Amino acid sequence: MSGNPIDRVAEATPPTFASRVRGLSDRTIAWLFVGPSIVLLLAVNIFPLIWTINLSFTNFKANRLRDAEYIWFQNYQRILTDTGTWESMQATAHFLFWTIFFQVLIGFALAYLINKKFKGNDMWTTIIVLPMMLSPAVVGNFWTFLYQPQIGLFNYVVEFLTGIEASSFSMIGSVNLAPWSIVIVDTWMWTPFVMLICLAGLRSIPDSIYEAAECDRASKWRQFWTLTIPMVLPFLMLAVLFRGIENFKMFDLVVQLTGGGPGSITTLTSIDLKREAFEKWRTGYASAYAVILFVTVFGLASIYVKALNKVKER
Amino acid sequence: MSAFLKGLLQRRRGAWELLATILISLGVFMLMQPFWMMAFTYSFIVTLVGTVMFIVVSHFRE
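In order, the protein sequence lines correspond to chains A and B.
Residue 100 in the working numbering sits at position 100 of the first sequence; the count goes up by one each step and never skips.
Residue 28 in the working numbering sits at position 28 of the second sequence; the count goes up by one each step and never skips.
None of these hints come from the bench; they were simulated from the model.
None of these values were measured; they are calculated from a predicted model.
Treat the hints loosely; a few may be bogus.
Said to hold, decoys possible - Derived pair list, reagent style SDA-like, types lysine to any residue, alpha-carbon separation capped at 25 Å:
1. A:LYS274 with A:GLY244
2. A:LYS310 with B:GLY7
3. A:LYS306 with B:HIS59
4. A:LYS306 with B:PHE35
5. A:LYS310 with A:LEU196
6. A:LYS306 with B:LYS6
7. A:LYS249 with B:PHE35
8. A:LYS306 with B:LEU19
Work out the full structure, taking the sequences as your base and the hints as a guide.
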C-alpha cells in the first residue's frame, strides 16, 4: 500500500455502481430502478383505466360472465338521457359548490385568527384539527344522532338560536334540509384541512413585507387585500383543488349519514355509480358512468392546475 | 378578439388553451345545470373534446 494520502483515498473510494455491474450503462441501471415503479403504475392505474373504457362499450354484467356483447355508445346514451343521473349530478353540484364555499371561507378565517400570536394558540390548532382525524363512517354515524329531531343536540342548538321548535324539523328526513345536512357535516369535518393549508400560506409570508407596507402607511385593510390574499392564493387554490376532487367522489360520509335519501335527493354520483355497479350489477353501464366522471374531473383538474401555475408565476 | 382568432390560426398555445378551457367549463356547466336536459345530454361530448384539445394544445409552442 502506497504511503501517499491521495493514493490511499483513491484505493478506499468504492467504484461506481455502473463499473461494478459490468456491461450496463448508467441509463440502463436507471431504468432498472424506475422499471418496477412503471410496471406497478401500469398494472394498478393504467390497465384498469383502459379496461374500464373497454367495458363501458359492452353490456357486461359482473354477476353474469358469459353474455357480454359490444353495444358501443348505448351505455353513454342511456346515462346522458337518464333523469336520475341528471338529478344526482345536480345533487353533486350543490354539495361541491357549497362545501367548497364554506370550507374556504371558514378555513381561511380560522387560519387568519390562529396565525395571530395569542396564548393557547397551539392547543386551539389541535382542537380545530380533531374532526379531520376521525373516520368518515364514525362522523356520519354520530351526526345522525346529532340530527335526531327528538334527542339531537343540533336541533336544540337551532331551537336555542332561532326559536324554531327542535322536534318540528328533521335535517336528514326533510327533502329541503337533507342536502344542507351533508354540506354541514362535510364542512365541519374538512374545514380544518383548508385551515392548515391556509395557515402554511400565511406563515410563509415574511414579516418584512408587512413592515415595508407599514412604512408606506398602507392600512391593515389594504395590506390584507394587496399582500395577504395574493400570497395565500396559490395555497387556497391548492386546497380548493384537493377538496374539489375529494368531494366529487364523496361516498362514505353521505352513505352513513343519509344513505342517499330521502328519495334520491342526496344521491351523489359516486353513490349512484356504486348502486349501478354493485346492486344492479350493470358493470358496463357503471363503467361508462365512471368514464364520464373521470373525464369531467380530469378536464377540470387540468384547467385548474394551469390556473394554479399562472398564479404561482406572478 | 382578433388577437385570439389570429392565435388560433397560428396555432399558438395560449389561444387554443383558452378555447379548450371554455369548452371544458361549458361541458361541466352543462353536466350539472338543472335547467335543460338537452344540455346535459351533450355535456360529455363537449367536456371530452375540451379535455382532449387541452392535452394536445399543451404541446403547442407558446
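Checked hints:
1. A:LYS274 with A:GLY244: This hinted pair holds, its Cα atoms lying about 20 Å apart.
2. A:LYS310 with B:GLY7: With a Cα-Cα distance of about 19 Å, the restraint between A:LYS310 and B:GLY7 holds, given a limit of 25 Å.
3. A:LYS306 with B:HIS59: holds (13 Å)
4. A:LYS306 with B:PHE35: Measuring from Cα to Cα gives roughly 30 Å; hence the hint is violated.
5. A:LYS310 with A:LEU196: holds (23 Å)
6. A:LYS306 with B:LYS6: Holds, at roughly 22 Å.
7. A:LYS249 with B:PHE35: The hint holds at about 23 Å.
8. A:LYS306 with B:LEU19: Measuring from Cα to Cα gives roughly 14 Å; hence the hint holds.
The structure does not agree with numbered hint 4 stated previously, though it agrees with all others.
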